[in-house]
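Protein sequences appear in the order of chains C and H. With our numbering applied, the first sequence covers 1 to 107. With our numbering applied, the second sequence covers 108 to 342.
For the record, the hints were derived by calculation from the structure and aren't laboratory data. Take the hints with a grain of salt, since some may be wrong.
Stated by the list, open to error - Distance condition first, Cα-Cα at most 27 Å in a straight line; then the derived BS3-like pairs of lysine-lysine:
{"#": "1", "chain 1": "H", "residue 1": "Lys266", "chain 2": "H", "residue 2": "Lys279"}
{"#": "2", "chain 1": "C", "residue 1": "Lys75", "chain 2": "H", "residue 2": "Lys171"}
{"#": "3", "chain 1": "C", "residue 1": "Lys49", "chain 2": "H", "residue 2": "Lys255"}
{"#": "4", "chain 1": "H", "residue 1": "Lys266", "chain 2": "H", "residue 2": "Lys255"}
{"#": "5", "chain 1": "H", "residue 1": "Lys109", "chain 2": "C", "residue 2": "Lys75"}
{"#": "6", "chain 1": "H", "residue 1": "Lys141", "chain 2": "H", "residue 2": "Lys279"}
{"#": "7", "chain 1": "H", "residue 1": "Lys162", "chain 2": "H", "residue 2": "Lys109"}
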Amino acid sequence: MLATEEDILSQAESWKRAGRGVAVATVVETWGSAPRPVGSHLVIDDEGKFLGSVSGGCVEGDVVTEAQDVIADGKPRTLEYGVADETAWRVGLSCGGRIRVYVERVD
Amino acid sequence: MKLDLLAALNEERRARRAAVLVTDLGAGAQRLVKGDAIADDPLADMLDRQLRMGKSGSVEHDGKSYFLTVQAPPARLVVIGAVHVSQALAEMARMVDFDVTIVDPRTAFATPERFPNVRVVAEWPDKALASFGLDRYTALAALTHDPKIDDPALDLALKAECFYIGALGSRKTHAKRIERLTAAGFGQDALSRIHAPIGLDIGAVSPAEIAVSVLGEIVLSLRKKPLRADKEKAA
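Excised from the complex, chain H in its bound form (with noise of 0.2 Å):
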């Protein structure tokens, strides 16, 4: 492998941007195509599909062996709300390998003491994320309850296509939660993307507990389905 290559390879995934390297097995000759560049390279398909997969892996084409190194952009994790259940999630995910914000109107709440390990923003959700750059590769849990932090955050998130979208609250919380998005002009297929009540059902009574049941609600969502515009994409 050239440094060059390699070092391309990684300013590509400090910009966040998709790229994938083509190493062919038996010459040992290599590429790096970026995502914007998938469509003119000669497997533009299966370049498309791994990416897709998020997942790297060898291939054929015309009797030559290739392996794609895939490099997706690293998982983000936004938590709106500073509170209990917040403290507990931004240590797991951490170790899951997100890279965690979080966002908190309340200077009471969004402290660096109660979160030593991660980014605090002490701003409203429409500030905070307005140079944060949400996309497909962002994940958004929601969990302050009050609708003036976490709606702003909501429609951010769905306008981006985060992949995960979750917000905190009783069944009846949720539905003047969506009373309000659809009168903000959310149609119910934007607004069915929105996991509530959070999290999977694992009876979770704790707010570590929680922390799993949200945490893993959104691994699901990362490893288990596609992209949400990958399926469009595709269909």
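So here's chain C without its partners, still in its complex pose (with noise of 0.2 Å):
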């Protein structure tokens, strides 16, 4: 079965009872068709394992790698993609839209 994100938030509670560093990424806006809807979570350990999405495979790469400076300093970060952003070739949405993810560690 497909995890719910409410399936993904309880994996990051296990996951930071566990001694693990995690982070959650937070759709928190969407513009034009984005692949997934805001309040979609991804959650992200330490060793950068993740569970969930926020864009169905486009940006996950890229939010997991960000969320690794996230859980090192602590400090939420705000994330925005879409296809104008000058990475779209490597990082962006090929469905046009835009999200912004807010990406927080869990203490």
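Build the complex: two chains, separate frames, hints provided.
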């Protein structure tokens, strides 16, 4: 069965309790056609393991990388992705939409 | 996010209670507002609106940006009747993340072999559902055709304001059902909430196709229209 948003948050809790560094990424805003709705979560641990998705695969790689910095310094970050980005060929949304993702550490 | 806040959010979900996590996107401060405490929160109106839509979202208040992580209880589906259509419906509904329970007092039908992946209760609906806690985040589909089994379940679902109530059977069968439920004291408004003949009109023929039409109708009721109790509250 597919993991629901809630399963993902349960996973975040148990990863943290198991002593791992954990960050939660949440889609907080979307414009145009976005692959995942506002409120979608991705949870990431300090080894780069992750569960859930914020874009159906387009930008997860970058979010997981940024999450490592968030886990390291504890400062929340807001990330934006869209085809207009100069990095579009590397990370961007092929569907033409834009999304904003909030990444925070679980303390 | 503080671990105790995350744990509290997860706890509310396990107890099937609504809750909203409020995040100040500028300062990073967070608070958890439980469903019964929403009216006392400074963002009460916004929390209420998002919860009614069942959608997380960003809001502005006093020049600050907040993100509201909305957690409505996970939707459940109770299927009355461990019949052929139910076998297909149970599997499909599971894929759509419904928590599925099959109820049928006929032990020859209600077997784990026929329903390997969902909860099967071989009891009469009034007994099976007494402790189940039907609520407005639950859908009920009555599929036996047998008034002895379907009617008590419909009675409970109507009283619990389930977000979807469907009953299998022809228009003629349903007309008789309406007569019985009217005699049992239900008014026209309540009875009009029963979807019958059940399912979206997609020309379904096979049991699996009928399951698709029923599941489609359930998803439509969950996502497209506000919940009944919410509409009344808004009116």
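Each hint tested on the structure:
At roughly 24 Å between alpha-carbon atoms, H:Lys266 and H:Lys279 fall within 27 Å of each other, so this suggested pair holds. For the proposed pair C:Lys75 and H:Lys171, the alpha carbon gap of about 18 Å is at most 27 Å, so the pair holds. Between C:Lys49 and H:Lys255, the direct Cα distance comes to roughly 52 Å. Violation of the 27 Å bound is thereby established for this hinted pair. With a C-alpha separation of about 18 Å, the suggested pairing of H:Lys266 with H:Lys255 holds against the 27 Å cut-off.
With a C-alpha separation of about 13 Å, the suggested pair H:Lys109 and C:Lys75 falls inside the 27 Å cut-off, and the hint holds. As the CA atoms of H:Lys141 and H:Lys279 are separated by approximately 45 Å, the hinted pair breaks the 27 Å bound. Restraint check: the Cα-Cα separation between H:Lys162 and H:Lys109 comes to about 22 Å, which is no more than 27 Å; the hinted pair holds.
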